[in-house]
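With the hints as extra help, turn the sequences into a complete structure.
Protein chains: 2
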Amino acid sequence: MSNSTPSIIIADDHPLLLKGLSDFLIEKGYNLIGSGNNGREAYNLITKKKPDIAILDIQMPYMSGLEIAQQCKSLDVDTKIVLITLHKEKDLYQKAQELNIFGYILKEFALEEIEICIKTVTEGVPFFSDRIKELIGVVFVDDGELNTLTPSEKKILKLIAQDKTNKEIASQLFISYRTVEKHRSNIITKLNIEPKTNSLLIWAKENHEKLL
Amino acid sequence: MSNSTPSIIIADDHPLLLKGLSDFLIEKGYNLIGSGNNGREAYNLITKKKPDIAILDIQMPYMSGLEIAQQCKSLDVDTKIVLITLHKEKDLYQKAQELNIFGYILKEFALEEIEICIKTVTEGVPFFSDRIKELIGVVFVDDGELNTLTPSEKKILKLIAQDKTNKEIASQLFISYRTVEKHRSNIITKLNIEPKTNSLLIWAKENHEKLL
DNA sequence: GGAAAATTACGTGTTACCACGTATTTCAGA
DNA sequence: TCTGAAATACGTGGTAACACGTAATTTTCC
Chain B
1 MSNSTPSIII
11 ADDHPLLLKG
21 LSDFLIEKGY
31 NLIGSGNNGR
41 EAYNLITKKK
51 PDIAILDIQM
61 PYMSGLEIAQ
71 QCKSLDVDTK
81 IVLITLHKEK
91 DLYQKAQELN
101 IFGYILKEFA
111 LEEIEICIKT
121 VTEGVPFFSD
131 RIKELIGVVF
141 VDDGELNTLT
151 PSEKKILKLI
161 AQDKTNKEIA
171 SQLFISYRTV
181 EKHRSNIITK
191 LNIEPKTNSL
201 LIWAKENHEK
211 LL
Chain S
1 MSNSTPSIII
11 ADDHPLLLKG
21 LSDFLIEKGY
31 NLIGSGNNGR
41 EAYNLITKKK
51 PDIAILDIQM
61 PYMSGLEIAQ
71 QCKSLDVDTK
81 IVLITLHKEK
91 DLYQKAQELN
101 IFGYILKEFA
111 LEEIEICIKT
121 VTEGVPFFSD
131 RIKELIGVVF
141 VDDGELNTLT
151 PSEKKILKLI
161 AQDKTNKEIA
171 SQLFISYRTV
181 EKHRSNIITK
191 LNIEPKTNSL
201 LIWAKENHEK
211 LL
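Protein sequence lines correspond, in order, to chains B and S.
The opening residue of the first sequence carries number 1 in this note's numbering; numbering runs sequentially from there.
The opening residue of the second sequence carries number 1 in this note's numbering; numbering runs sequentially from there.
No lab work stands behind these hints: they were computed from the structure.
Some clues are possibly wrong.
Repeated chains share a single entry, so a pair holds when one copy, or any two copies, can fit it.
Stated by the list, open to error - Computed list of lysine-lysine pairs in DSS-like fashion (alpha-carbon distance at most 30 Å, straight line): (1) K73 / K49; (2) K196 / K182; (3) K182 / K154; (4) K28 / K119; (5) K73 / K155; (6) K119 / K48; (7) K155 / K182.
Right, dumping it as structure tokens:
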């Protein structure tokens with residue numbers, strides 16, 4: 001691995017974005033050694049070329065950026081992974097710790113931020129933009145709250161997010177519907193959800209990604 | 001207006017995408033006369049430079065691509081507008097008829113499709129990709145259901161999707177909460193929603209994009 | 001083995017959502 | 001002008017969700 005010009009591969013399923021990123025990196029003189037149109041291509045590129053840095057879209061066909069990061073970790077590939085996305089994935093920070101994710105860029109960021117990110121990551125320092133950190137601030141609370149839930153409570157929360165009623169959940173888990181109600185009540189208390197009628201359903205549907 | 005090299009302006013709030021599109025058009029020898037980072041810039045470019053074609057992102061700060069199209073129509077600007085987006089906006093086809101939208105491109109499309117689109121639009125023929133049409137096919141059925149709703153019913157449906165309770169909706173619209181309940185009931189009947197407790201809320205949250 | 005946490009369950013009461021019917025007013029189009 | 005659709009509103013009754021308290025059983029962990 002060279003300190004001066006780290007090798008980079010990129011992957012995105014949007015041709016325009018891929019072209020924009022590709023052109024930009026080449027113009028700036030980075031050592032771009034490959035690019036892929038989807039998750040599988042990206043994964044193959046990483047395992048074969050072992051680049052220093054892989055800049056990956058989170059949402060791609062076949063494999064998501066997160067799945068690739070997961071695989072890389074279990075295979076002890078030391079490619080530093082930078083994720084790039086349009087959406088503000090709120091629970092990403094936590095996963096970034098578990099996997100070997102070194103950076104996180106929003107696509108609406110200025111191009112300069114990408115350079116800073118690459119520079120920082122090359123030095124082995126994770127890069128999360130200030131704007132991300134603003135989001136993270138909110139998130140730590142949420143995740144803290146989520147972790148106060150017991151396994152049963154999480155299970156029920158998932159089922160709620162799947163539009164199940166209390167009775168359906170009860171029969172599915174072979175417990176009384178009153179128990180489900182109690183769990184619901186406890187969940188609401190723990191998560192500090194506003195006291196409105198369908199607030200738990202709303203919360204569950206809005207945060208169901210976190211429950212996977 | 002020249003038939004050989006139509007003048008083009010582009011606008012997107014994602015720097016990478018803008019660069020990708022810009023580089024692409026320049027490489028291919030198109031007459032790109034301007035680019036903007038948001039809706040306001042795009043609008044000013046159009047009114048000042050009166051390009052033959054404007055390729056605009058739908059979602060941008062200050063003004064959306066649709067709003068720009070609307071303004072252009074009312075001002076009788078004959079710039080042909082092509083919208084570009086990441087999301088599959090399902091009710092776009094209908095609006096395209098009303099406004100002077102000449103094309104619609106998904107960002108995941110291959111670059112070649114953009115060239116075809118520009119070529120087609122230059123000849124004055126609207127371009128909607130086959131993949132869009134697939135979506136449209138599905139949508140017409142859904143829209144059929146949606147269009148059976150009266151204006152008031154649609155308004156209430158939007159508010160439901162925004163997590164409002166009946167009473168909140170009632171006070172916001174200055175009507176009785178009983179009226180809201182009646183509308184709800186009618187909506188459920190019209191949309192053939194399964195008879196479960198929060199089915200309408202669930203439906204509204206899952207289909208809220210269609211309600212814009 | 002014993003304490004703490006989690007899971008299970010019920011009682012009681014309130015509120016919101018939904019069904020189905022009825023009825024008045026408003027408003028646009030034939 | 002008249003008719004029909006839409007919007008407004010209420011009555012009545014049923015079910016689901018939620019609050020708050022209590023309590024037995026099981027699991028987990030030191």
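These are the hints, each one checked on the structure:
Taking the shortest Cα distances, K73 and K49 sit within 30 Å of each other inside one copy (16 Å), while across copies they are farther apart (52 Å). When the C-alpha separation of K196 and K182 is checked against a cutoff of 30 Å, the pair qualifies both within a copy, at 17 Å, and between copies, at 21 Å. In the homo-oligomer, the alpha carbons of K182 and K154 lie at most 30 Å apart inside one protomer (13 Å), although the nearest pairing across protomers, at 36 Å, exceeds that limit. Taking CA atoms no more than 30 Å apart as the test, K28 paired with K119 passes inside one copy only; the shortest distance there is 12 Å, against 32 Å between copies.
For the identical chains of this complex, K73 and K155 are intra-copy neighbours only, at 26 Å inside a copy versus 49 Å across copies, given an alpha-carbon limit of 30 Å. Taking the closest pair of Cα atoms, K119 and K48 come within 30 Å of each other only inside a single copy of the chain (23 Å); across copies the shortest separation is 40 Å, beyond that limit. For the homomeric pair K155 and K182, the shortest alpha-carbon distance inside one copy (14 Å) is at most 30 Å, but the shortest distance between copies (35 Å) is not.
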